[in-house]
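Peer 1: Letter by letter, the chains look like this.
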Amino acid sequence: MAEIMKMSILRYRPETDEKPVWQSYDVPYNHETSILDALGYIKDELDPTLSYRWSCRMAICGSCGMMVNGQPKLGCKAFLRDYAGGELKLEALANFPIERDLVVDMSDFIAKLESIKPYIITQEPRSLDDGCTTQTPKQMEQYKQFSMCINCGLCYAACPQYGLDNKFTGPAALALIHRYNNDTRDQGKAERMKFINEEAGVWGCTFVGNCSVVCPKGVDPAAAIQLGKVESAKDYVIQMFKPGE
Amino acid sequence: MSKRKPYTREMKADWWRKDSFFTMYIIREGSSLVIALYCFMLIAGLFSLTQGQSSFETWLGFISHPITIVFQVLTLVWTLYHSYTWFQLAPKAANLWMGEKRVPDSWIVNAMYAALAGCSALGLIILFL
Ligand code: SF4
Ligand code: FES
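Protein chains in written order, with UniProt numbering: chain A, 1 to 245; chain B, 1 to 129.
So here's chain B without its partners, still in its complex pose (with noise of 0.2 Å):
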């Protein structure tokens, strides 16, 4: 008789928490929930538009408010994390070739950075025209 009796170790809820690699993934992904709620603010903001002057002045009065603003700039903060270690992480969703060689990874790095800077940019200028 086969004395067999393979062991599975269960993953535990916490498996994250138990190794820097993971946390600091976690916290990565971990932006895309105040990013959701980030959105939905501006959805509302789009909605109140649509219902009117003092329906909007509502709307303002709610994101200036200093608990809102709070929240804002950690979506800020918390949204650079996320486009630092999607940069990082570029070179390897690309294959780019320049004739015989590859493109160093720090090209499409700083290319990412570039990209981000003109993006900030154009939308700082539309605002400000």
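Just chain A, same shape as in the assembly (with noise of 0.2 Å):
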């Protein structure tokens, strides 16, 4: 414990602060020291009154997402160590409403992510006498790589068309969509086109890709929704071609 860092940290007490104002705080830290063991030292030994979200502390429940010099970053998954030198400017993630300090209102961004229908679709029950759904390695790569979303919400801190309307279904919505559409035991893709194609889905995306570089679960949301475009262009033209509609 030889390093000292000065973390700023926005606090908004919404019983006292008509603003966010910034406080200082100077924490030791060595290689090993996170930026959620760096406020749980401020919690336990200079400011009890500091509020702040985690749980597994280990990049997989998503909780302690927050802005790290600016930058969208769980809080777990961030060290002290590659900010030696500097100062580091901790403020509640982007785009949300600030609950108090470091802690966002995300009820908008869970509402979205419920509301896609994020879950296997079938048409026909299956028993287990049907015996196990089997998928070839090509299929599974198809979607697996957006199932490993933690719904940390920090691509929506990364996403300024969600900042500037946040009527914007945003990435990790539509990187869930085409999570369960591209996935050869889900059947209810018909049901979930209408998320894709509206003006709030993937066409409210003007491609800035900023999701994919902060998503800290190497999901690609920008490749989802692109890839969403495509889909969305194609069921167009054949809604034109069908018949009584």
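Keep in mind the hints are simulated off the structure, nothing from the lab. For each residue, glycine too, the CB sits at the ideal point set by N, CA and C. Check each hint, because a few of them may be wrong.
As the list claims (entries may be wrong) - Capping the alpha-carbon separation at 30 Å, the derived lysine-lysine pairs in DSS-like fashion look like this:
{"#": "1", "chain 1": "A", "residue 1": "Lys194", "chain 2": "B", "residue 2": "Lys92"}
{"#": "2", "chain 1": "A", "residue 1": "Lys229", "chain 2": "B", "residue 2": "Lys101"}
{"#": "3", "chain 1": "A", "residue 1": "Lys43", "chain 2": "A", "residue 2": "Lys19"}
{"#": "4", "chain 1": "A", "residue 1": "Lys144", "chain 2": "B", "residue 2": "Lys92"}
{"#": "5", "chain 1": "A", "residue 1": "Lys89", "chain 2": "B", "residue 2": "Lys5"}
{"#": "6", "chain 1": "B", "residue 1": "Lys92", "chain 2": "A", "residue 2": "Lys234"}
{"#": "7", "chain 1": "A", "residue 1": "Lys217", "chain 2": "B", "residue 2": "Lys18"}
{"#": "8", "chain 1": "A", "residue 1": "Lys167", "chain 2": "B", "residue 2": "Lys92"}
{"#": "9", "chain 1": "A", "residue 1": "Lys6", "chain 2": "B", "residue 2": "Lys5"}
{"#": "10", "chain 1": "A", "residue 1": "Lys43", "chain 2": "B", "residue 2": "Lys5"}
{"#": "11", "chain 1": "A", "residue 1": "Lys77", "chain 2": "B", "residue 2": "Lys18"}
{"#": "12", "chain 1": "B", "residue 1": "Lys3", "chain 2": "A", "residue 2": "Lys19"}
{"#": "13", "chain 1": "A", "residue 1": "Lys43", "chain 2": "B", "residue 2": "Lys3"}
{"#": "14", "chain 1": "A", "residue 1": "Lys229", "chain 2": "A", "residue 2": "Lys189"}
{"#": "15", "chain 1": "A", "residue 1": "Lys19", "chain 2": "B", "residue 2": "Lys18"}
{"#": "16", "chain 1": "A", "residue 1": "Lys138", "chain 2": "A", "residue 2": "Lys217"}
{"#": "17", "chain 1": "A", "residue 1": "Lys19", "chain 2": "B", "residue 2": "Lys5"}
{"#": "18", "chain 1": "B", "residue 1": "Lys92", "chain 2": "A", "residue 2": "Lys77"}
{"#": "19", "chain 1": "B", "residue 1": "Lys92", "chain 2": "A", "residue 2": "Lys117"}
{"#": "20", "chain 1": "A", "residue 1": "Lys144", "chain 2": "A", "residue 2": "Lys229"}
{"#": "21", "chain 1": "A", "residue 1": "Lys189", "chain 2": "B", "residue 2": "Lys101"}
{"#": "22", "chain 1": "A", "residue 1": "Lys189", "chain 2": "B", "residue 2": "Lys92"}
{"#": "23", "chain 1": "A", "residue 1": "Lys167", "chain 2": "A", "residue 2": "Lys19"}
{"#": "24", "chain 1": "A", "residue 1": "Lys217", "chain 2": "A", "residue 2": "Lys144"}
{"#": "25", "chain 1": "A", "residue 1": "Lys6", "chain 2": "B", "residue 2": "Lys18"}
{"#": "26", "chain 1": "A", "residue 1": "Lys167", "chain 2": "B", "residue 2": "Lys18"}
Claimed, not checked - FRET-style restraints, in silico, Cβ to Cβ:
{"#": "27", "chain 1": "B", "residue 1": "Ala13", "chain 2": "A", "residue 2": "Lys6", "range": "27 to 33 Å"}
{"#": "28", "chain 1": "B", "residue 1": "His65", "chain 2": "A", "residue 2": "Val237", "range": "40 to 46 Å"}
{"#": "29", "chain 1": "B", "residue 1": "Ala44", "chain 2": "A", "residue 2": "Gly86", "range": "50 to 56 Å"}
{"#": "30", "chain 1": "B", "residue 1": "Ala13", "chain 2": "A", "residue 2": "Thr184", "range": "45 to 51 Å"}
With the hints as a guide, bring the two chains together.
Peer 2: This is the structure in structure tokens:
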């Protein structure tokens, strides 16, 4: 514990603060100290009033997203050693309303995830007697990376289209549509096409591409959305030739 | 009573200047402005062609004015930059497979450059034939 890092945190206490204010703390750190560890140190040793969210501290629960020097990061997956010699500025996840300090209100994001039917839909119910469903490696490759999402919301904080207008369905939810539509076990694509086709669906994306850069789980939402545009365009042409609709 | 009072941070008009990734994005998209102007210039040329020789010559004079040439060079460079960024991103919009293997991203990017070179060569051949 030799080095000291100056950490500035954007505080917001709704009962007293009109708007968020910066507050600095000096935090000792070593090679292993994550930002989440540093927040724990502040909470335990310096200022028990600080609020932030966390649970797994191993990049799997998706609770600890925050802006670290302006970039969306998981607090448990970012380390003070990588910011040595500089200063750290922590702020609640961008593009979401601040509830308190580093805690944001994610209800809009969660509602979007829920709205796109993120589960396998089958037309014919299957029984145990049908045996297990097999998939080739190629079939699995079509959706696997998109199923790695931990719903952390970093991609929403990285998306200016969502920031400018939160009607946009956004990266993770659109990637999740792609995940289920491209799973050979699923038959719900027709039900989900409307979420892709609408203005707030894939066409709300201008391919900034930052969502894929910041994703801590290697998901590529930008790719899912561009492939969604291809699907949506095909769907449009097919609908034109469908009689009686 | 609830003490909740969620605070919404406004996005200012200069949001894209705060982060170099966003700045590069706006530069990429900004090319559409010069390309639109350039297209208007070409359409004006077509229109002047229908108005007789003197009108067309005035247009020829206009496009060979130093300021317009600077504009055309700017359009070319900006468009090439846009093409470069688009080619880099193109593999994301393609899900191409060869048998059980995904087509490598570099193949898709190289195919885009090959297509650009092919079209440019064709344009030059038509021009000088
Ligand atoms: S796609 Fe990535 S960044 Fe977006 S919510 Fe899922 S894990 Fe987080
Ligand atoms: S604490 Fe679970 S993702 Fe960071």
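Peer 1: Hint by hint, note whether the structure agrees.
Peer 2: Structure-based check of each hint:
no.: 1; hint: Lys194(A) x Lys92(B); in the structure: 22 Å, holds
no.: 2; hint: Lys229(A) x Lys101(B); in the structure: 23 Å, holds
no.: 3; hint: Lys43(A) x Lys19(A); in the structure: 22 Å, holds
no.: 4; hint: Lys144(A) x Lys92(B); in the structure: 16 Å, holds
no.: 5; hint: Lys89(A) x Lys5(B); in the structure: 23 Å, holds
no.: 6; hint: Lys92(B) x Lys234(A); in the structure: 17 Å, holds
no.: 7; hint: Lys217(A) x Lys18(B); in the structure: 25 Å, holds
no.: 8; hint: Lys167(A) x Lys92(B); in the structure: 24 Å, holds
no.: 9; hint: Lys6(A) x Lys5(B); in the structure: 29 Å, holds
no.: 10; hint: Lys43(A) x Lys5(B); in the structure: 23 Å, holds
no.: 11; hint: Lys77(A) x Lys18(B); in the structure: 24 Å, holds
no.: 12; hint: Lys3(B) x Lys19(A); in the structure: 15 Å, holds
no.: 13; hint: Lys43(A) x Lys3(B); in the structure: 22 Å, holds
no.: 14; hint: Lys229(A) x Lys189(A); in the structure: 14 Å, holds
no.: 15; hint: Lys19(A) x Lys18(B); in the structure: 21 Å, holds
no.: 16; hint: Lys138(A) x Lys217(A); in the structure: 21 Å, holds
no.: 17; hint: Lys19(A) x Lys5(B); in the structure: 10 Å, holds
no.: 18; hint: Lys92(B) x Lys77(A); in the structure: 26 Å, holds
no.: 19; hint: Lys92(B) x Lys117(A); in the structure: 24 Å, holds
no.: 20; hint: Lys144(A) x Lys229(A); in the structure: 20 Å, holds
no.: 21; hint: Lys189(A) x Lys101(B); in the structure: 25 Å, holds
no.: 22; hint: Lys189(A) x Lys92(B); in the structure: 21 Å, holds
no.: 23; hint: Lys167(A) x Lys19(A); in the structure: 25 Å, holds
no.: 24; hint: Lys217(A) x Lys144(A); in the structure: 12 Å, holds
no.: 25; hint: Lys6(A) x Lys18(B); in the structure: 22 Å, holds
no.: 26; hint: Lys167(A) x Lys18(B); in the structure: 23 Å, holds
no.: 27; hint: Ala13(B) x Lys6(A): 27 to 33 Å; in the structure: 31 Å, holds
no.: 28; hint: His65(B) x Val237(A): 40 to 46 Å; in the structure: 45 Å, holds
no.: 29; hint: Ala44(B) x Gly86(A): 50 to 56 Å; in the structure: 53 Å, holds
no.: 30; hint: Ala13(B) x Thr184(A): 45 to 51 Å; in the structure: 46 Å, holds
When each numbered hint is compared with the structure, no violation occurs for any of them.
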